[in-house]
Every structure is written in C-alpha cells, then in structure tokens.
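Can you build the whole structure from these sequences, using the hints too?
So the chains spell out like this:
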Amino acid sequence: MTFDDLQATWQKQPAVQLHLRSDLLLTEVRRNQQSFVSAVFWRDFRECAVGAFMTYYFGEIALRQHHWIFYFQAVTCLFVTLFILIDRHRQRRKAPPIIETLQHYAEQSLRDVQHQIWLLSNVLWWYLLPLAVPMFLFFALRGGSLTRSFTLLLVAGILNVYIYRLNQRFVRTHLLPRAQELEKLLATLSAES
Amino acid sequence: MTSTEQETLFRQWLAAHEALLWRVIRSFAATQADQQDLLQDILLQMWRSIPTFRGDAKESTWIYRLAFNTALAWQRSEKRRHSKHEAFTTFMDAHGSAPTSDDALIERLYTAIRALPKLDASLAIMHLDGLSYREMGDVLGMTENHIGVRLTRLRKQLTEQMKGQNHDL
Chain R
1 MTFDDLQATW QKQPAVQLHL RSDLLLTEVR RNQQSFVSAV FWRDFRECAV GAFMTYYFGE
61 IALRQHHWIF YFQAVTCLFV TLFILIDRHR QRRKAPPIIE TLQHYAEQSL RDVQHQIWLL
121 SNVLWWYLLP LAVPMFLFFA LRGGSLTRSF TLLLVAGILN VYIYRLNQRF VRTHLLPRAQ
181 ELEKLLATLS AES
Chain U
1 MTSTEQETLF RQWLAAHEAL LWRVIRSFAA TQADQQDLLQ DILLQMWRSI PTFRGDAKES
61 TWIYRLAFNT ALAWQRSEKR RHSKHEAFTT FMDAHGSAPT SDDALIERLY TAIRALPKLD
121 ASLAIMHLDG LSYREMGDVL GMTENHIGVR LTRLRKQLTE QMKGQNHDL
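Protein chains in written order, with this note's numbering: chain R, 1 to 193; chain U, 1 to 169.
Don't read these hints as lab results, they were simulated from the structure. Treat the hints loosely; a few may be bogus.
[Stated by the list, open to error] Each computed SDA-like pair below joins lysine to any residue, with the alpha-carbon atoms no more than 25 Å apart: (1) R/K12 with U/R114; (2) R/K184 with U/T152; (3) R/K12 with U/T152; (4) R/K184 with R/T101; (5) R/K184 with U/L151; (6) R/K94 with U/T152; (7) R/K12 with U/Q6; (8) U/K156 with R/Q13; (9) R/K94 with U/D138; (10) U/K58 with U/L151; (11) U/K118 with R/L175; (12) U/K118 with R/T188; (13) R/K184 with U/R155.
[Unchecked claim] In silico negatives: residues of chain U with every beta carbon more than 12 Å from chain R: (14) T2; (15) A19; (16) T31; (17) R114.
[To be verified] Calculated from the model, a selection of chain U residues having no Cβ within reach of chain R, i.e. all distances over 10 Å: (18) A33; (19) G55; (20) A73; (21) Y133; (22) M142.
From the three backbone atoms N, C-alpha and C, an ideal C-beta is built for every residue, glycine too.
What follows is the structure, encoded as structure tokens:
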C-alpha cells in the first residue's frame, strides 16, 4: 500500500461523520462564553476588592492610631494589588491570538508560560514578602505576650512557606514541562525556516 | 459585528467544515469523551474568533489554524472533562452509516496519526486532506521547503507503519 492509496482512502471518508445539534450547541457555546467572561470579571473584581479593602482597612487604622506599622501594611497591600492588576492587564493584551499560524501561536504561548514561570518563581518577592514583613513586624511588636507573638509568627511563617512551596511545585509539575513541550515544537517548526 | 451575524457565520462554518473539524478532533483525541472535550474547546474558540475574521485568510486556513492551535493547547483533564462532558453529550450523534471495509484502515490511520508529535499530526492531516505546501505553510508558519522535507519523511513513516500493522493482522 502506498501513501497515495492511504490518501485516497482518507478522502473517501463519509463527508459527515458527525451530526451536531447546532441549536443546542450554540446555546452551550454562548453559555460557555458568558461564563468565561463572567469568571474573568469576578476573578479580577475579587482580587481588586480584597486588595482595596485591605488597603482601606489598614489605612483607616493607620489614620486613627498614627502607627507606622499600619501605614506600612496599607502600602504593601496597595503594592500587591496594583502589581496583580497591572500584570494581568498587560498579559491580557499580549494573549496569543488563536487564529495566528501555529508557529506564531506557539511563540506567544511560550512567552506566556515563561512569564507565568517568572511570576511564580518570584512569588516570594512580589507577594509573600511584601505582605509577610509588615505582618511579622506587627506580630513581633504588638502581638501581646512573648508566647503569643511567637505562636503567631510561627503560624504565619508556616503558611508562607506552604504557599511558596505550592507555587514552586506548580512550576515544576505543570509550567516547566509545558514550556519544554513548546520549545521542542518551536525548534522543529523553525528547524529549516 | 452583530450577534445575529456572528451566529449566522458560526452556523455556516459549522455546516461547511464539520467534516474537517471531525478529522482534526479524531486525529488528536482517541476516546469519545476526549473528542467531545476537544470539540467544545474548538467551537468555543471559533465563536470567540468570528468577530476578528476579516477575510484576509482563506476560511479553511482560518479553521485549520484555529483547530490546530486549540488542539496544541488542549490537554486531557479528567476534572475539567467531567464538568463539561455531561452538558455536551447530547450535542453529538454518531454517524449512522453502515461500516465499510475501509473503516478499519481509516481507524488504524487515525491511531498512527495520534501517535505522532502534534506538529507531524497536523501536517499529516493537511497532506491527507490534499492541501498544497503553500496552504500548509500558511497554517503552520513554516517554509514550503521545510514542509517538503518533513512530509517526505512522514509519508514514508506512515506508509511503513500501516504496512507493519497489515502484517500484524
């Protein structure tokens, strides 16, 4: 059997092997699109609202008590919120268009995955430390008795280590293999381009 | 583009390219559940991309790009699949034509394509569909020369694989 025979058999496949119930399908696609848009909106809203609330909460206490630790907490909450929002906005603008050539799409996808790797690998610097340092200082300076302060510091420390390790595991198990897969594909695509 | 125009174009594309979509889906996903999952992803991307269609590229080129790019990003996810599967099951009816002697051969061909790396699988589908090197280049972003080199190897590989399977039977 030659390749031409295979090609002839392939092209003889019944023209329609699949009967789609287009009305139901369209409803489902629309529902999915709405749910996608809604999920993105509420995710952004949630992150923004929590950050704004924390900034307001610490800011308000700071104005009442005039203690530098609360100003510090308000500023770090604001920093983390703005960082997430700006990063998300920039990434959305750079999202790979699905109808580009496979090569272009793979390049954009790789850049996106690499950015996610960078983001999660550096989660300590832009998320954990800015939030943890003022919290640690607060517990150390105003946590009450020595035992209470120590317990609070220990719990906060364990929580931060857990979040950090969770992020690094995601990078190792999901993002790095995906980046390698895309790099391999791109190497093949551009081997003789 | 109005919602009605988007819907009309979606229905037209679905009717015109149903067979193409089915061949791509069957080449990338083996089980019915995976096929439904991938089909839904592709159709969702098709719906979203319609407002950006300006007619610069051929409609079929656009559909191939969309299907291959979605298949590239698609990964089996048990959890995700369960949530989508139930709602989607009723949208597909199996084709009711009588089985032919070619069915077994075509199924083996699909199995062979699924075993290929995604890029080679994409090339194999388009080559079997009879696209020109230029059209394949437009979809993948590769030079015609590069496509020619890869296809020579791929044709040989697929033919030998199918011969090997014939001997096994």
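Quick rundown of the hints versus the structure:
no.: 1; hint: R/K12 with U/R114; in the structure: holds (20 Å)
no.: 2; hint: R/K184 with U/T152; in the structure: holds (20 Å)
no.: 3; hint: R/K12 with U/T152; in the structure: holds (23 Å)
no.: 4; hint: R/K184 with R/T101; in the structure: holds (17 Å)
no.: 5; hint: R/K184 with U/L151; in the structure: holds (18 Å)
no.: 6; hint: R/K94 with U/T152; in the structure: violated (36 Å)
no.: 7; hint: R/K12 with U/Q6; in the structure: violated (32 Å)
no.: 8; hint: U/K156 with R/Q13; in the structure: holds (22 Å)
no.: 9; hint: R/K94 with U/D138; in the structure: holds (22 Å)
no.: 10; hint: U/K58 with U/L151; in the structure: holds (23 Å)
no.: 11; hint: U/K118 with R/L175; in the structure: holds (18 Å)
no.: 12; hint: U/K118 with R/T188; in the structure: holds (11 Å)
no.: 13; hint: R/K184 with U/R155; in the structure: holds (22 Å)
no.: 14; hint: T2; in the structure: holds (14 Å)
no.: 15; hint: A19; in the structure: violated (5 Å)
no.: 16; hint: T31; in the structure: holds (15 Å)
no.: 17; hint: R114; in the structure: holds (14 Å)
no.: 18; hint: A33; in the structure: holds (15 Å)
no.: 19; hint: G55; in the structure: holds (12 Å)
no.: 20; hint: A73; in the structure: violated (7 Å)
no.: 21; hint: Y133; in the structure: holds (13 Å)
no.: 22; hint: M142; in the structure: violated (6 Å)
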